[in-house]
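Peer 1: Protein chains in written order, with the numbering used here: chain X, 247 to 709; chain P, 247 to 709.
Do not take every clue at face value.
Given that identical chains are not distinguished, each listed pair holds provided it fits within a single copy or across any two copies.
[Unchecked claim] Dumping the calculated DSBU-like pairs for lysine-lysine here, alpha-carbon to alpha-carbon at most 30 Å:
| id | residue 1 | residue 2 |
| --- | --- | --- |
| 1 | Lys656 | Lys298 |
| 2 | Lys546 | Lys366 |
| 3 | Lys648 | Lys636 |
Simulated from the structure, these hints should not be mistaken for laboratory data.
Protein chains: 2
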Amino acid sequence: MNKAREFDQSVVSELKAVLGERVSTSHAVREHHGKDESYFPYALPDVVVFAKSTEEVRDIVSICRAHRVPMIPYGVGTSLEGHILAVKGGVCIDLSQMNQVLAVHESDLDAVVQAGVTRKQLNEFIKHTGLFFPVDPGADATLGGMAATRASGTNAVRYGTMRENVLSLKVVLADGRVIQTSRRAKKSAAGYDMTRLFVGSEGTLGIITEVTVRLYPVQEAMSAAVCAFESVDGCTNTVIQTIQAGVPIARCDIVCEKTVDAINKYKKTNYRVAPTVFFEFHGSKASVVEQAETVQAIAKEQGGKDFVWATKPEERNQLWQARHDAYFACLQIKPGVRAVSTDVCVPISRLAECVAETMEDVKDYINPVPLLGHIGDGNFHLMLMVDPDKPEQTELAKKFNKRLVERALKMEGTCTGEHGVGMGKMDSMRMELGDDMMDLMRDIKKVFDPEGLMNPGKVVPLE
Amino acid sequence: MNKAREFDQSVVSELKAVLGERVSTSHAVREHHGKDESYFPYALPDVVVFAKSTEEVRDIVSICRAHRVPMIPYGVGTSLEGHILAVKGGVCIDLSQMNQVLAVHESDLDAVVQAGVTRKQLNEFIKHTGLFFPVDPGADATLGGMAATRASGTNAVRYGTMRENVLSLKVVLADGRVIQTSRRAKKSAAGYDMTRLFVGSEGTLGIITEVTVRLYPVQEAMSAAVCAFESVDGCTNTVIQTIQAGVPIARCDIVCEKTVDAINKYKKTNYRVAPTVFFEFHGSKASVVEQAETVQAIAKEQGGKDFVWATKPEERNQLWQARHDAYFACLQIKPGVRAVSTDVCVPISRLAECVAETMEDVKDYINPVPLLGHIGDGNFHLMLMVDPDKPEQTELAKKFNKRLVERALKMEGTCTGEHGVGMGKMDSMRMELGDDMMDLMRDIKKVFDPEGLMNPGKVVPLE
Numbered sequence: 247m248n249k250a251r252e253f254d255q256s257v258v259s260e261l262k263a264v265l266g267e268r269v270s271t272s273h274a275v276r277e278h279h280g281k282d283e284s285y286f287p288y289a290l291p292d293v294v295v296f297a298k299s300t301e302e303v304r305d306i307v308s309i310c311r312a313h314r315v316p317m318i319p320y321g322v323g324t325s326l327e328g329h330i331l332a333v334k335g336g337v338c339i340d341l342s343q344m345n346q347v348l349a350v351h352e353s354d355l356d357a358v359v360q361a362g363v364t365r366k367q368l369n370e371f372i373k374h375t376g377l378f379f380p381v382d383p384g385a386d387a388t389l390g391g392m393a394a395t396r397a398s399g400t401n402a403v404r405y406g407t408m409r410e411n412v413l414s415l416k417v418v419l420a421d422g423r424v425i426q427t428s429r430r431a432k433k434s435a436a437g438y439d440m441t442r443l444f445v446g447s448e449g450t451l452g453i454i455t456e457v458t459v460r461l462y463p464v465q466e467a468m469s470a471a472v473c474a475f476e477s478v479d480g481c482t483n484t485v486i487q488t489i490q491a492g493v494p495i496a497r498c499d500i501v502c503e504k505t506v507d508a509i510n511k512y513k514k515t516n517y518r519v520a521p522t523v524f525f526e527f528h529g530s531k532a533s534v535v536e537q538a539e540t541v542q543a544i545a546k547e548q549g550g551k552d553f554v555w556a557t558k559p560e561e562r563n564q565l566w567q568a569r570h571d572a573y574f575a576c577l578q579i580k581p582g583v584r585a586v587s588t589d590v591c592v593p594i595s596r597l598a599e600c601v602a603e604t605m606e607d608v609k610d611y612i613n614p615v616p617l618l619g620h621i622g623d624g625n626f627h628l629m630l631m632v633d634p635d636k637p638e639q640t641e642l643a644k645k646f647n648k649r650l651v652e653r654a655l656k657m658e659g660t661c662t663g664e665h666g667v668g669m670g671k672m673d674s675m676r677m678e679l680g681d682d683m684m685d686l687m688r689d690i691k692k693v694f695d696p697e698g699l700m701n702p703g704k705v706v707p708l709e
Numbered sequence: 247m248n249k250a251r252e253f254d255q256s257v258v259s260e261l262k263a264v265l266g267e268r269v270s271t272s273h274a275v276r277e278h279h280g281k282d283e284s285y286f287p288y289a290l291p292d293v294v295v296f297a298k299s300t301e302e303v304r305d306i307v308s309i310c311r312a313h314r315v316p317m318i319p320y321g322v323g324t325s326l327e328g329h330i331l332a333v334k335g336g337v338c339i340d341l342s343q344m345n346q347v348l349a350v351h352e353s354d355l356d357a358v359v360q361a362g363v364t365r366k367q368l369n370e371f372i373k374h375t376g377l378f379f380p381v382d383p384g385a386d387a388t389l390g391g392m393a394a395t396r397a398s399g400t401n402a403v404r405y406g407t408m409r410e411n412v413l414s415l416k417v418v419l420a421d422g423r424v425i426q427t428s429r430r431a432k433k434s435a436a437g438y439d440m441t442r443l444f445v446g447s448e449g450t451l452g453i454i455t456e457v458t459v460r461l462y463p464v465q466e467a468m469s470a471a472v473c474a475f476e477s478v479d480g481c482t483n484t485v486i487q488t489i490q491a492g493v494p495i496a497r498c499d500i501v502c503e504k505t506v507d508a509i510n511k512y513k514k515t516n517y518r519v520a521p522t523v524f525f526e527f528h529g530s531k532a533s534v535v536e537q538a539e540t541v542q543a544i545a546k547e548q549g550g551k552d553f554v555w556a557t558k559p560e561e562r563n564q565l566w567q568a569r570h571d572a573y574f575a576c577l578q579i580k581p582g583v584r585a586v587s588t589d590v591c592v593p594i595s596r597l598a599e600c601v602a603e604t605m606e607d608v609k610d611y612i613n614p615v616p617l618l619g620h621i622g623d624g625n626f627h628l629m630l631m632v633d634p635d636k637p638e639q640t641e642l643a644k645k646f647n648k649r650l651v652e653r654a655l656k657m658e659g660t661c662t663g664e665h666g667v668g669m670g671k672m673d674s675m676r677m678e679l680g681d682d683m684m685d686l687m688r689d690i691k692k693v694f695d696p697e698g699l700m701n702p703g704k705v706v707p708l709e
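This is chain X alone, in the form it adopts within the complex (with noise of 0.2 Å):
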């Protein structure tokens, strides 16, 4: 499993005897999956591979296994922590041509999906169903990777992240058996949670082929409203005080005046350039107005404007897209920088002390600290950029993330909300947890990859 030593070129044979043409080992081809969204320098695949099935998978990691050759699936490596980068060399099995919606049960609320559909994909596979997906980072991820990650979005503080999203994974081992985790039943008390296991275990247990996620009705009223306030305070505590009402908002992101400024840039929008919040209400026409005034209410307290509506759905997508799309908007602040993105997530009640003194922290860094994130839940994030070509800006970045990652876990919050641990964080996680759950971890990867060949030096070390 040492990087430095020479591929052994029988894999790619037997590959190709499995997949033909779906095996490449071009330099081009490498290089765009041995990198995704982090700051982490490249790590290529020795070579890549397009599944598209659940059985082309599973001779895959034979091959792979007899070789010890280490595999990584790869979704559309959009991920954040370097997750799917080939440390180790090996095959990157990259899923996106298992695009296939298997089956949408309009009437149980589900929908079984190939593990490299999309979110936005399968949103438009069911639009004429009256039903949508919530979950929905950033970037348009597949719904393998987002399970593998655990990945959440702005819909979480109403809709819950992937853990509550999954219903069942269909996941191929190690050692080449194939298992459902799950019935489609919406509950169940038949032993160990297997599926939570897979979510959340970024391709280190086994690689996920399907998918089973949760659907929701769409609802009669959806609202999005836009408030700009005079200072981030004033967005917090907006927040905070709409989920301790009880308010059942749909969304609630926060955006600071640097975001926003980038995000009128970027997409040419006029929002006013302001500390500001997304919100997104859901419901019956009665209940959304309810919601909405007293939501309202509290935000001119805390010295909010006016609300700014978006009540048609292509309105809606529009102001989501755009604050999607912050993280790519405030990237072209300073172009050919990357992102060290922090990740914290804290409760509620240490929510406005933990911005607070970040934002103090953060202001003397040597470029401008866009602020944004999922409020309604506790979590949010700044973008440190750095220049790729200066090593030493990263290693400040760091360590402005270390600071950050020690006032979140002394408020009692995680180091990751949402984008996982990957190659960034297993030194925060251990900080966070302790040795003994790290060992408990390590344990627990050795029952499903004892030697250690599934997305290697990812989560957990096996050492």
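Starting from the structure of chain X, add chain P where the hints point.
Peer 2: For chain P alone, kept in the frame of chain X given last:
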């Protein structure tokens, strides 16, 4: 670990050195702890200890480990599948005196409790805060026990089960390590989901000593209603259409006419003796009115009578207490009987078919067969009453249950929606999930409990 083996009395003296008077070998105490609410024959532990703290549990575990003696955590003994029976003898660890509410974080909508706190105790404790804890199995079970069995109840259709409502657990492992499975943040993507692994592990992976649970704001309006129907089909169809219409119903439970009759006799109530649905609506006043109107319209088309309302908190509590007491009420139909309680859960599109086929199957059973259940989740129970002195009756009931499980599995359902596996569902679970899943669960069990001392004979066989 052979039950026939003489119990090592030095264990008792070592336990007494730690716990003083809180160690009992009296037959009465052992018998009380050697039975649950199921049809299984009593299986007495050799000794019962009453722990008051996590540290004491750790010390007890150390003593048991040193002597290689089984240990069985015990809450209030209300499980239904033999979960707490000491089938290999050993030490029953009664946690009911660990009944302190350690923290209520009103702003964060969570509470930290010792494992012995019951659901009603917690709700009484937090009454003044305007918050409540929704998960409500029929019995007033401990939160530790509820976490261990992945319990649910009437509110699960809206608020989820213990799977969704446990934020974090403190657990004593077989080797004496004490872990906290997660921070208190509302979501986290930090590593494998150890919290969910312990939720539903039924004492076989470790002993839960503290539980952090989610709380919810009491809604502005909370109204319950009872609606009688001409047929069970009318009930199931009403609930199915309610769910599919996206009504955010808080509760919708079915009881058949036999169950209503039993409730009336046991509780001195006068509900109309007919297949009946118990509903509850939570939300703003306007929203509750809207929800109720929608559901009433659906019910009317399905042969539903007028709704009988309970809007005051005490009336609502009485109504749901009547529903919760249904199990005990039905046992009075034939004094002296015990019940084989079925617990399948199917996708809601198959619910009507599953219920109808099942009622047809049991129509010639030796005793009346009451039906009750949380049909909004697709989960329903039959009580197959048996004379405990006539083993052939239990065997007959188990045959009916086996057919029901097979029927549910064919419909992509689960053998257990909420009661758990214990001793009673081990074979059914294998049928449901297959040999590979059982092997994986056993391997995970071995990580935590290589010697098989934690609640042996439950969930998954070690050999």
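Peer 1: A separate judgement is required for each hint: does it hold in the structure or not?
Peer 2: Here is how each hint holds up against the structure:
no. : hint             : in the structure
1   : Lys656 to Lys298 : between (46 Å within a copy, 28 Å between copies)
2   : Lys546 to Lys366 : neither (35 Å within a copy, 38 Å between copies)
3   : Lys648 to Lys636 : within (19 Å within a copy, 66 Å between copies)
In this structure, the one hint that does not hold is number 2.
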